[in-house]
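**Q** In case you want the letters, here they are:
Protein chains: 2
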Amino acid sequence: MPKQTKLAQSLPATVPFIAPEMTERARGRAFTARLGANENGFGPAPSVLDALHSAGPEIWKYPDPSLFDLRQALSDHHAIPPNQFILGGGIDGLLGTLCRLFVDHSTHVVTSLGGYPTFNYHVAGFGGTLHQVPYKDDMADLDGLLASVVRSNATLVYLSNPDNPMGTMHSASAIEQFAEALPRTCLFILDEAYIECADAQNIPNLAVDQPNLIRFRTFSKAYGLAGARIGYGIGPADLIASFDKVRDHFGVSLLSQAAALAALADQTYLTETCQHITQARDHIAQIARDNGLIPLPSQTNFVTIDCGQGGYFARAVLQSLADQDVFVRMPMVAPLDRCIRVSVGPAAELAAFAKALPLALTQARG
Amino acid sequence: MPKQTKLAQSLPATVPFIAPEMTERARGRAFTARLGANENGFGPAPSVLDALHSAGPEIWKYPDPSLFDLRQALSDHHAIPPNQFILGGGIDGLLGTLCRLFVDHSTHVVTSLGGYPTFNYHVAGFGGTLHQVPYKDDMADLDGLLASVVRSNATLVYLSNPDNPMGTMHSASAIEQFAEALPRTCLFILDEAYIECADAQNIPNLAVDQPNLIRFRTFSKAYGLAGARIGYGIGPADLIASFDKVRDHFGVSLLSQAAALAALADQTYLTETCQHITQARDHIAQIARDNGLIPLPSQTNFVTIDCGQGGYFARAVLQSLADQDVFVRMPMVAPLDRCIRVSVGPAAELAAFAKALPLALTQARG
Numbered sequence: 001m002p003k004q005t006k007l008a009q010s011l012p013a014t015v016p017f018i019a020p021e022m023t024e025r026a027r028g029r030a031f032t033a034r035l036g037a038n039e040n041g042f043g044p045a046p047s048v049l050d051a052l053h054s055a056g057p058e059i060w061k062y063p064d065p066s067l068f069d070l071r072q073a074l075s076d077h078h079a080i081p082p083n084q085f086i087l088g089g090g091i092d093g094l095l096g097t098l099c100r101l102f103v104d105h106s107t108h109v110v111t112s113l114g115g116y117p118t119f120n121y122h123v124a125g126f127g128g129t130l131h132q133v134p135y136k137d138d139m140a141d142l143d144g145l146l147a148s149v150v151r152s153n154a155t156l157v158y159l160s161n162p163d164n165p166m167g168t169m170h171s172a173s174a175i176e177q178f179a180e181a182l183p184r185t186c187l188f189i190l191d192e193a194y195i196e197c198a199d200a201q202n203i204p205n206l207a208v209d210q211p212n213l214i215r216f217r218t219f220s221k222a223y224g225l226a227g228a229r230i231g232y233g234i235g236p237a238d239l240i241a242s243f244d245k246v247r248d249h250f251g252v253s254l255l256s257q258a259a260a261l262a263a264l265a266d267q268t269y270l271t272e273t274c275q276h277i278t279q280a281r282d283h284i285a286q287i288a289r290d291n292g293l294i295p296l297p298s299q300t301n302f303v304t305i306d307c308g309q310g311g312y313f314a315r316a317v318l319q320s321l322a323d324q325d326v327f328v329r330m331p332m333v334a335p336l337d338r339c340i341r342v343s344v345g346p347a348a349e350l351a352a353f354a355k356a357l358p359l360a361l362t363q364a365r366g
Numbered sequence: 001m002p003k004q005t006k007l008a009q010s011l012p013a014t015v016p017f018i019a020p021e022m023t024e025r026a027r028g029r030a031f032t033a034r035l036g037a038n039e040n041g042f043g044p045a046p047s048v049l050d051a052l053h054s055a056g057p058e059i060w061k062y063p064d065p066s067l068f069d070l071r072q073a074l075s076d077h078h079a080i081p082p083n084q085f086i087l088g089g090g091i092d093g094l095l096g097t098l099c100r101l102f103v104d105h106s107t108h109v110v111t112s113l114g115g116y117p118t119f120n121y122h123v124a125g126f127g128g129t130l131h132q133v134p135y136k137d138d139m140a141d142l143d144g145l146l147a148s149v150v151r152s153n154a155t156l157v158y159l160s161n162p163d164n165p166m167g168t169m170h171s172a173s174a175i176e177q178f179a180e181a182l183p184r185t186c187l188f189i190l191d192e193a194y195i196e197c198a199d200a201q202n203i204p205n206l207a208v209d210q211p212n213l214i215r216f217r218t219f220s221k222a223y224g225l226a227g228a229r230i231g232y233g234i235g236p237a238d239l240i241a242s243f244d245k246v247r248d249h250f251g252v253s254l255l256s257q258a259a260a261l262a263a264l265a266d267q268t269y270l271t272e273t274c275q276h277i278t279q280a281r282d283h284i285a286q287i288a289r290d291n292g293l294i295p296l297p298s299q300t301n302f303v304t305i306d307c308g309q310g311g312y313f314a315r316a317v318l319q320s321l322a323d324q325d326v327f328v329r330m331p332m333v334a335p336l337d338r339c340i341r342v343s344v345g346p347a348a349e350l351a352a353f354a355k356a357l358p359l360a361l362t363q364a365r366g
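Order-wise, the sequence lines are chains A and B. First residue of the first sequence? That's 1 in full-length UniProt numbering, and the numbers climb one at a time after it. First residue of the second sequence? That's 1 in full-length UniProt numbering, and the numbers climb one at a time after it.
Worth double-checking, as some hints may not be accurate.
A pair counts as met if it fits within one copy or between any two copies, since identical chains are not told apart.
Claimed, not checked - Straight-line C-alpha distance at most 20 Å; calculated SDA-like pairs for lysine to any residue:
no.	residue 1	residue 2
1	Lys3	Asp290
2	Lys355	Pro295
3	Lys6	Asn153
4	Lys6	Ala265
5	Lys355	Ala334
6	Lys355	Arg315
7	Lys6	Ser106
8	Lys355	Arg29
9	Lys3	Gly127
10	Lys3	Glu21
11	Lys136	Ser54
12	Lys136	Leu146
13	Lys6	Thr129
14	Lys6	Gln363
Just so you know, these hints were derived from the structure itself, not from any lab.
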């Protein structure tokens, strides 16, 4: 047999998340409420569907590898030069490319224990050593992350803010101070996938030329385009340019580029969606309280609900919800795994959750 | 500054191909004939556009990471088990993932000198050593490739058949004998991107369980979906499973999956398209002959035309064609670069090529 690399031989075949489609096929029945993957059940803008319809007949063409129009539009939107944007296959894809640039067997990387599994997957996939810092009061522990970076002389530190899976968010000044305090030899990967769902005053004001900072944004969440696989990084021009060393240049599909361009142009729809998201968060929180559970404050498109017992209990709640055709996920690591995580969605899906939760709690307690 | 890996530091920022959009922007004028990127100008099936229209509103959902429906459909289509298919972001993306599994600084890889640049880019991107075997009579030199594999103890050998950039194709038996003769320690990467355009009797009959063989197919060429970025590999189940070690599981967009599923189901349209492609090949060949040039026999969706002089001449022809708004490409390496490479397209675009070619030749000779 042809030999894979030593690194590849050492890796397990895995998948960071079990997709709801996989569960549905396994049990032979569809979910009626899809509230587990932090998607945006309010769907894409009608203007995005129009753009897709117009672009469809062009699908025989290779996409523009420079994503020129989209970078220009992002530049206008953020008032940042176009050469400080890198587009890619969602934040997942971009994290993979970034890890490829920075991670080998000698690299130390810091993240939160229970943080985004796909980042950990990419770090492991390039042979890096991961240092995981426990959450503190259900928030990423900034002091702990910083201490771990210094201790391990880490090349990368990852933080999602607003946080996934907890929904919490640090203040703008806390993030600004963290960025300032970080050794300049460590790249700060700030995953802002949920930033459009956050209150404006919480968004940190960071120098876009800081040589050790890259921020990631996505069209998967508030913009409602998870299926399109398109996200972007904002960083210093030389770091952005280095993606061209290894990326799959023609990798972002033509329709995804068209969809993102239309979504970005329709800020009115985004504002409406964010209002729906806020209302749905309140609704989910109320459902939690109605059932004697504690909703965590959320700055995302989901609400993490403290079920008040250990992971065994939350897993039982999740199972019963699934049995009642409600798809929800939960954090994977203790003590976060005392919670379940409910994504926003239309009223009918939240009603299904509200209806299923009491029985789920009864069964989990039984 | 955070340090990139030694490998990343050693790599240039590059792009394997200059996209026509980039040229158009640089000169401020659009091409009227897009015949350079081996796209399928006859476009996608109406049934594909219908499928895209239906799937559009679902774009808020993450795509199925197992691509279950599509693997099932491919299984039915090819009469090969579903676990022998890996889907990914076009053959480009799949070649990148495959190189990641097999290539590090100690890996030797064999390909043809002047063969597919994106494969070379991926090999270099993972630090492998590339051995390039010159073409022989405008075809990949199978004996030369085999000898190079043995000499270098190569882990991978790449062959596109039908060939890009020359359009030529080896007989089925020649490929079968090559696969048989190859050391079992060397993985045979058989890129069949253009296979639907080839005569059926030329398609090799290879054991799909051969442990050192992976074949790549795509929806970018005959199926007319280059913009969707979706292709697939066929190989032994354990090799296919190992893609799950490193791939971006959710990376193939929901609409691309829907488009490919519809395209595969519409074999009637594919047959019609292949007839258009054959006619267009004949037409391009006739245009070449009408201008005193020699068209190479083609089993692809393009015709490579021998301009009878060196690379300097073909480049001048290409430049004049571009000045006349006709986008065409050419092989990059001597002696292949005595040729230009004209992709099939609708009659109007071929007419533009026919109109522009005489002046291009005159100018190149001047």
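**Q** Can you name, in rising order, the numbers of the hints this structure does not satisfy?
**A** Of the numbered hints, 1, 4, 5, 10, 11 and 14 do not hold.
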